[in-house]
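Residue strings, one per chain:
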Amino acid sequence: MRTRNLLMCSAVLLMCWTGIGFADEEGAFVEGTASVGAHYSDFSDNPQRVGEFVNLDATRDLQADMYLNLFGGTENTLYNINLDYRDIATKKFEFGVDTKSLLSADFRYGSFVHNLDHDNLTNMQGKAGGKQVYNTDHDPMGRYFMEYEQFQGDIKVDMPFLADGQVTLGMADQRRSGYKQAMTIDHCAFCHVESNAQRVDQQTRIWKADVKGSVGPVSLNYDFAKTDFVDRANTPEHYWKSARHPVNGNPMDFPTRQQFSDVTLPYGQTADNDKISHNAGIKADLQRLGTLKGSYTYTNRQNYQTGIEGNFTAGALGYAVKLSPKMRLTGKFLAYETKVDDAFIDLNNFRAGDPVAGNLDFDWNRISSANRKVYQGDLNLGWKVGKGKHLKANWRYQIIDRPAMAQSQTTYIFDEGNPGAREEVASTAFENKTTINRIKLRFDSRLGLKGNYNLTYTFTDVDMPYMNPTAMCETSLDGVDSAHGPDGRMYYFQRQRFGNGTNQATQAHKVTGRGSYQLSARTSINAFITWAQDKNDEMNIYEYSRDLLTPGLNLWTAPSDNLLFTLGWTYSKVESNANMCVPIFDG
Amino acid sequence: MDRRIFNWAFSDNRLLLWGLALCLILSTGAAAQSPADFVGTETCLDCHDDMAADFSRTVHGQLGDYQYPGLANGCEACHGPGAKHVDSEDPEDILNPTAEMGNDGTDLCLDCHRTGHTLNWEMSTHAESDVSCLSCHKLHDNSSSRALLAGTEEDVCFTCHMDTQSKFQLPSHHPVREGFMTCSSCHDTHGNQFQEIADGETSRDACLVCHQQHAGPFVFEHSPVMEDCTICHDVHGSVANNLLRQNEPFICLQCHQPHFHSILTGAEGDYSTPPGVVAQDPNYDGLSGTSHADSMKRVMLTKCTQCHQSIHGSDLPSQSISGQGRALNR
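Taken in sequence, the protein lines are chains B and V. For the first sequence, the working numbering puts the final residue at 601, and the numbers step up evenly by one. For the second sequence, the working numbering puts the final residue at 352, and the numbers step up evenly by one.
Keep in mind that the hints were calculated from the coordinates and are not lab data. Do not rely on the hints blindly, as some may be mistaken.
The calculated lysine-lysine pairs, modelled on DSSO-like cross-linking and capped at a C-alpha distance of 30 Å, are [stated by the list, open to error]: (1) B:K403 with B:K524; (2) V:K319 with B:K194; (3) B:K114 with V:K160; (4) B:K401 with B:K222; (5) V:K325 with B:K255; (6) B:K464 with B:K406; (7) B:K403 with V:K160; (8) B:K340 with B:K398; (9) V:K106 with B:K587; (10) V:K160 with B:K222; (11) B:K336 with V:K319; (12) V:K319 with B:K587; (13) B:K170 with B:K340; (14) V:K319 with B:K398; (15) B:K170 with V:K325; (16) V:K106 with B:K106; (17) V:K325 with B:K114; (18) B:K255 with V:K319; (19) B:K464 with V:K160; (20) V:K319 with B:K145; (21) B:K340 with V:K160; (22) B:K401 with V:K325; (23) V:K325 with B:K194; (24) B:K255 with B:K340; (25) B:K549 with V:K319; (26) B:K406 with V:K160; (27) V:K325 with B:K145; (28) V:K160 with B:K549.
Covered stretches of chain B (in silico footprint by chain V; criterion: 3 or more residues with CB under 8 Å from a CB of chain V, positions within the stretch not fixed) [unchecked claim]: (29) 53-67; (30) 132-142; (31) 232-238; (32) 280-293; (33) 554-567; (34) 579-589.
All values derive from a computational prediction rather than experimental measurement. All C-beta atoms in this analysis are idealised placements derived from N, C-alpha and C, irrespective of residue type, glycine included.
Take these sequences, add in the hints, and give me the full structure.
Following this line, the structure appears as structure tokens:
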């Protein structure tokens, strides 16, 4: 921290020196504002909630703060300096320089603290029959927070021989460091939830290169980015105790029903990863015939821990044309495919060694939910219906084709009439093809000379929206005990379920309105409203609905150039209905 | 046509050359204006001296003569050739883009700002909604270093997006009102081919710029994480913690059923580990608690992520074999 602050002070001094140096040149100017002040804050009860982004280490004492903004230059150079210092961990500064637009550079640094919750787990205790739940917080007084830091720099070099020609090289360095609460659970050895402080030391480094330029009516753009993410903190470890019967605590054969037991293993692991992306675009200005645009994107992301890779490939076409001085048409088409490697999950056999049930194999092949092919088309018509009056209509059609939207857990039914027979009743992947139709209408109008308003209505119709299929509600047992095997023992398999669950709508209506009126030269009033109604009446067990209403009113008045009063009121109501499907007790 | 001539003319490399030549010809045609019609910025500022200082301090006033070949520079880049206006001093003889061109003269801006951020402008949601360049940018009398915005980024965006502004006042929010993020941290206001997001291809990628720890790709996935972060999170602000659309467990129970233990009636009173267990394993020493009738409901229906903490995905299998390792407990 001390080194970083020394670096920041040095950078600020360097910037100010740069500004002073420029000031000696002919035609030089410098303007800006500087303010110095102090603030005091104190929090109680849940400071991490009401002061989510306040450095709590800097409360209860008077803290000096400083704000500096300088803008200056010479005939050939412009520069700007911004400094916003609130406390040792909450600060940002920016420096930009532009030399006749041939070479420009921007550097930005900022840091702030994000306070995180500490769950004391007090609800995690209880006893029902022999089943018992315990909790242990190994860091009961711990305060959890994340300090975010980001340095970002861009250098742009113009290519004078090319219209809008420019090469940009950029990098960003993000740090997330601090402590968070890490929890994990032993189960079937009683439920014992344990909590520890987990050190976080994550860094994301992004390198970017961008080339753009125009030749005649054709404009080109290519950008490349590479992102590297690492977490340098040690992964926490936990001792998973010897599994025991959850009711009487006896060892029995429970370890053979667990993937691991009586062993120390890592948990809460963060996966280091990298991403490479290429994006190329071309646009042709066809004059009165409109504008035609195409692009191609390819990205690759890799998880370093497992070697799993994902690729994204996309192509897009767009066309915009003025059909008449009052009418404009835009058409867009986008297609992309995401493909993530499959992963084979090799598990121990359930009750291995048991002569009756020892061959149950729960291995499965994980097909990624990210995999999909998406096709999307947009048509947009803008029409100037009168002086200051515009009507816009948009239609979007989208198809999302997934080989596996979500994967169901394997479920078994034991056939009591045929001892030893087990039937696997759920496949591991559910295909889903979502089709979306969206219509959007918007009307903009002036309200005399001093006001304006707009109204937008959006209707979305979705066939087979994203959902968790067969996630809830178990099938009728019909006299068949799915939990007890033919040997009469409890198997704790997931019972077969049939109910789909989602919070995604099949039909959604949304109306937004905004109006603004200038009451006087220095006073204006703005009002807005959002009303939305979502429902999904195509699920097989219940109807999901969500209603939202958010009106608001803002009053702005500026008695003088340096004084502004703002008064705002917002009301928000969200009401949703969903089904809670409680399973029956099987033990 | 002689086949050799055809082959010569349309071989792979020459096709590219033909294309470039066509572009150059079109470029020359587009820029055809008489140099005599232009008087230069200095002449303009002789009369409009009130704008002289401000203009020279903007990026537009700093452009070199070598930039934007074929296009005028300075005041006349936007206002057109000034010779006639200089002679007559009649405002009618000079172009006023905001008054005389559609959409506040946005097409004029696009003459120079053709690519990079504006490559997708014509297809953007803002363009489709008749938002013009001057809706957000102010060209004269603006010493703002940030892209000549007409105010701070939030001032500009919240002029129209007031409902979003109100959401940033909710208890859980991204640090926009604190000044550590801006709208353009996530949104590409000039449009891109995907979802108007600043970085990446899907809305999820926009989130991963800062939340790379959730990127994966993981062995054990939570499928909505791979689908769209906004299924669970209301990213502009929410009453529930962690930007959740609803508090736990209700957000979870929309797609999942609770454990069957939640219907169990709890025993009343204090309890400790079963007899004999402590003796067998010292790790159980001291495990005890207090139970009452609602205990199991409190355990199972308070916060799912107390146990399923790796809710964004994990490479580590969870403990239960019959759960196929996918419980996201590790």
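Results of checking the hints against the structure:
Between the alpha carbons of K403 of chain B and K524 of chain B the distance comes to roughly 21 Å, so the proposed pair stays at or under 30 Å and holds. Annotation: proposed proximity of K319 of chain V to K194 of chain B holds, straight-line Cα distance about 26 Å (limit 30 Å). Distance restraint check for K114 of chain B and K160 of chain V: the Cα-Cα separation of roughly 20 Å lies within the 30 Å cut-off, and the hinted pair is therefore satisfied. Only pairs whose Cα atoms come within 30 Å are accepted, and K401 of chain B paired with K222 of chain B is rejected, the gap being roughly 45 Å.
Only pairs whose Cα atoms come within 30 Å are accepted, and K325 of chain V paired with K255 of chain B is accepted, the gap being roughly 24 Å. Only pairs whose Cα atoms come within 30 Å are accepted, and K464 of chain B paired with K406 of chain B is accepted, the gap being roughly 23 Å. Proposed proximity of K403 of chain B and K160 of chain V is supported: the alpha carbons are some 23 Å apart, at most 30 Å. Distance check on the hinted pair: K340 of chain B and K398 of chain B sit about 5 Å apart at the alpha-carbon level, within 30 Å; holds.
Straight-line distance between C-alpha atoms of K106 of chain V and K587 of chain B comes to about 60 Å, which puts the hinted pair past the 30 Å bound. For the suggested pair K160 of chain V and K222 of chain B, the alpha carbons sit about 29 Å apart, so the restraint of at most 30 Å is met. For the proposed pair K336 of chain B and K319 of chain V, the alpha carbon gap of about 62 Å is over 30 Å, so the pair is violated. A hinted pair counts as satisfied when its Cα atoms are at most 30 Å apart, and K319 of chain V with K587 of chain B qualifies at roughly 28 Å.
About 38 Å separates the Cα atoms of K170 of chain B and K340 of chain B, which puts this hinted pair outside 30 Å; it is violated. Of the pairs offered as hints, the one joining K319 of chain V and K398 of chain B is violated, with about 59 Å between alpha carbons and a cut-off of 30 Å exceeded. Note on K170 of chain B and K325 of chain V: the hinted pairing is violated, with a Cα-Cα distance of about 49 Å set against a maximum of 30 Å. Simply put, K106 of chain V and K106 of chain B have alpha-carbon atoms about 49 Å apart, too far for the 30 Å limit, and the pair is violated.
Of the supplied pair hints, the one linking K325 of chain V and K114 of chain B is violated, its CA atoms being roughly 57 Å apart against a limit of 30 Å. Proximity of K255 of chain B to K319 of chain V is assessed by CA-CA distance (about 25 Å); at most 30 Å being required, the pair is judged to hold. The suggested pairing of K464 of chain B with K160 of chain V holds, with an alpha-carbon distance near 20 Å, which does not exceed 30 Å. For the hint linking K319 of chain V to K145 of chain B, the alpha-carbon distance of about 13 Å falls within 30 Å, and the restraint holds.
At roughly 25 Å between alpha-carbon atoms, K340 of chain B and K160 of chain V fall within 30 Å of each other, so this suggested pair holds. Our distance criterion of 30 Å between C-alpha atoms is broken by K401 of chain B and K325 of chain V, whose separation comes to about 55 Å. Our distance criterion of 30 Å between C-alpha atoms is met by K325 of chain V and K194 of chain B, whose separation comes to about 17 Å. Taken as a hint, the K255 of chain B and K340 of chain B pair is broken in the structure, with Cα atoms around 74 Å apart against an allowance of 30 Å.
In summary, the hint linking K549 of chain B to K319 of chain V is supported, as the alpha carbons are separated by about 29 Å, within the 30 Å threshold. For the suggested pair K406 of chain B and K160 of chain V, the alpha carbons sit about 26 Å apart, so the restraint of at most 30 Å is met. For the proposed pair K325 of chain V and K145 of chain B, the alpha carbon gap of about 19 Å is at most 30 Å, so the pair holds. For the given pair, K160 of chain V sits about 43 Å from K549 of chain B by alpha-carbon distance, which is inconsistent with the 30 Å threshold.
With 4 residues having a beta carbon nearer than 8 Å to a beta carbon of chain V, the region 53-67 of chain B meets the requirement of three or more and the stated coverage holds. Counting residues of the region 132-142 of chain B whose beta carbon lies closer than 8 Å to any beta carbon of chain V gives 8, which meets the minimum of three for the stated coverage. Here's how the region 232-238 of chain B fares: 4 of its residues keep a CB closer than 8 Å to some CB of chain V, so the rule of at least three is met and the hint holds. With 9 residues carrying a beta carbon less than 8 Å from a beta carbon of chain V, the region 280-293 of chain B meets the three-residue requirement, and the given coverage holds.
Three residues within the 8 Å Cβ limit are the bar, and the region 554-567 of chain B against chain V gives 3, so the coverage statement holds. With 3 residues carrying a beta carbon less than 8 Å from a beta carbon of chain V, the region 579-589 of chain B meets the three-residue requirement, and the given coverage holds.
Consistency with the previously given hints fails for numbers 4, 9, 11, 13, 14, 15, 16, 17, 22, 24, 28, ordered from lowest to highest.
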